[in-house]
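**Q** Take the sequences, apply the hints, and build the full model.
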Amino acid sequence: MSDLRTQAEEIHEQFSDELDVSVDDVVERLDTLVNEYKVPLNEARRSVVNTYLDDAGMDRDALQGGGNETVQISDIDAPEEWIDLSAKVVELWEPRADAVAQVGLLGDETGTVKFTKWSKSDLPELEEEKVYSLRNVVTDEYQGRFSVKLNRTTTIEELDEEIEVGDDDVEIDGALVDIQSGSGLIKRCPEEDCTRVLQNGRCSEHGEVDGEFDLRIKGVVDDGRDVHEVIFNQEATEDLTGITLDQAQEMAMDALDTSVVADEMRVKTLGRYYRIRGPTLGRYVLANETEELSEPTDPESVLIKARSI
Amino acid sequence: MSSTPTREVARRVFAREFNDAAHTFKESDDDRAPVYLLLPTGEQANRVFVVGTLTETDDVGEDSEYWRGRVVDPTGSFFVYAGQYQPDAASMLREVETPTHVAVVGKPRTYEDESGDTYVSVRPEAVVDLDENEAAYRRWVVETAERTLDRIEAYDDEANEYGQMARETYDLPVDQYKRMVVEALESLDGETDDVEASV
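First to last, the sequence lines map onto chains A and B.
Remember, our numbering sits 42 above the position in the first sequence when you count from 1.
Remember, our numbering sits 11 above the position in the second sequence when you count from 1.
For the record, the hints were derived by calculation from the structure and aren't laboratory data.
The hints are all genuine.
Derived Cβ-Cβ restraints for the label pairs, each shown as a range:
{"#": "1", "chain 1": "B", "residue 1": "Ser-102", "chain 2": "A", "residue 2": "Gly-324", "range": "34 to 40 Å"}
{"#": "2", "chain 1": "B", "residue 1": "Ser-126", "chain 2": "A", "residue 2": "Glu-277", "range": "54 to 60 Å"}
{"#": "3", "chain 1": "B", "residue 1": "Ala-44", "chain 2": "A", "residue 2": "Ala-139", "range": "42 to 48 Å"}
{"#": "4", "chain 1": "A", "residue 1": "Asp-140", "chain 2": "B", "residue 2": "Asp-161", "range": "51 to 57 Å"}
Straight-line C-alpha distance at most 30 Å; calculated DSSO-like pairs for lysine-lysine:
{"#": "5", "chain 1": "B", "residue 1": "Lys-118", "chain 2": "B", "residue 2": "Lys-37"}
{"#": "6", "chain 1": "A", "residue 1": "Lys-191", "chain 2": "A", "residue 2": "Lys-172"}
{"#": "7", "chain 1": "A", "residue 1": "Lys-310", "chain 2": "B", "residue 2": "Lys-118"}
{"#": "8", "chain 1": "B", "residue 1": "Lys-118", "chain 2": "A", "residue 2": "Lys-260"}
{"#": "9", "chain 1": "A", "residue 1": "Lys-260", "chain 2": "A", "residue 2": "Lys-229"}
{"#": "10", "chain 1": "B", "residue 1": "Lys-189", "chain 2": "B", "residue 2": "Lys-118"}
{"#": "11", "chain 1": "B", "residue 1": "Lys-189", "chain 2": "B", "residue 2": "Lys-37"}
{"#": "12", "chain 1": "B", "residue 1": "Lys-189", "chain 2": "A", "residue 2": "Lys-347"}
{"#": "13", "chain 1": "A", "residue 1": "Lys-229", "chain 2": "A", "residue 2": "Lys-156"}
{"#": "14", "chain 1": "A", "residue 1": "Lys-172", "chain 2": "A", "residue 2": "Lys-162"}
{"#": "15", "chain 1": "A", "residue 1": "Lys-162", "chain 2": "A", "residue 2": "Lys-80"}
{"#": "16", "chain 1": "A", "residue 1": "Lys-260", "chain 2": "B", "residue 2": "Lys-37"}
A quick note: this is a predicted structure, and the numbers were derived from the prediction, not measured.
Heads up, the beta-carbon is just placed ideally off N, CA and C, and yes, glycines get one too.
**A** Now the structure itself:
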């Protein structure tokens, strides 16, 4: 029933400028179709929308453009909003479920956002690197990350223009004050699509497995004001520590203990200042670029401030 | 809200101000609630980050090893104590050759002697030998100067409850810390040798 109401609210929003209908009216129409006549929900929705289109003397195109705000990707800050976007398809990923026709990353000048296109929505294919006007997409949120969903009412129009995709990376400067457990030379589950880190040779999903070695650091970067948790993948860890995966395996073999790797990493990196750039994922920053801040900062401007207070 | 407790920021504070602090407090009655040291410039510190010169290490333990390190910044010395519950820090202090630049991450601890004097020290989570890493030391001094000035500027704000708490708790003119900041920054103009000699 809540699903019905959500759909009804969406439909109501689309027509609220044109028609004097209440959400309850829409719910009632949907309910009749779905629960009395056993019409599938998406068909019921289409039918109800068509009814209102007729009532309002509108055609479908007018509806789809109607009332939405054209937003930039970095402005997406709430779930369940109907918006229009002009964006480039930056990447297409392999859909993991049959219900998903396409999934990937859209970008504009202000940043990037994940998109999902449902199979049942029956929309044209998007191609990588092409720029589209996407009207009537819905925002969604999962663990603090926003995405957009293309749906049955979305219109897709290819645009003959170029978009320079900006990044939504954050940049943080600070001291590396902690390297947390689970860092260093780790083993991951080799099962397909499972990259869980093994605990004592066991995967929490697949039990005892022959793990694959990987390098990772879960670090804490602190500038005295804010704390950032940063994840360094294999490449970023090698870059930060100068220890390659091969060397790490050798160290662990010599010591008959993998923890020597994390210990050595602590010695080489803790207490140093770094500038780190990368996207955020939940509460983590994923380090794409790391630079040690080896140039001393200039005390002059702070000295001037100190004398002026 | 997430169930993970928020990690406490590592405050930047010069040794002189750190050693002037004496008051600790908790923000809730929970046994596990974090303990804060009230800094005289008006901020709560549950963790500190220090880069300085480790000049001396001593085993001051009676029954078991208990290592004390003296970490010098341009304004004074931090005392760092590591025993059996800080094995990594203790073995670092046992083996390191002084003098050397070190970075310390740790928790402020206070100790009151029989005469009622309070001593403040650092219980390290990590002590790292930075060798010749002059840049990290200079960066820390400038950063600590900036953070200290931020606190001094906010000291008298009505909304700054820790500023108010510091005014009520300590009879210390905040101006003296402004002079301390200037001295600390000026010490960077000379050679490093001067920094150590001036302490």
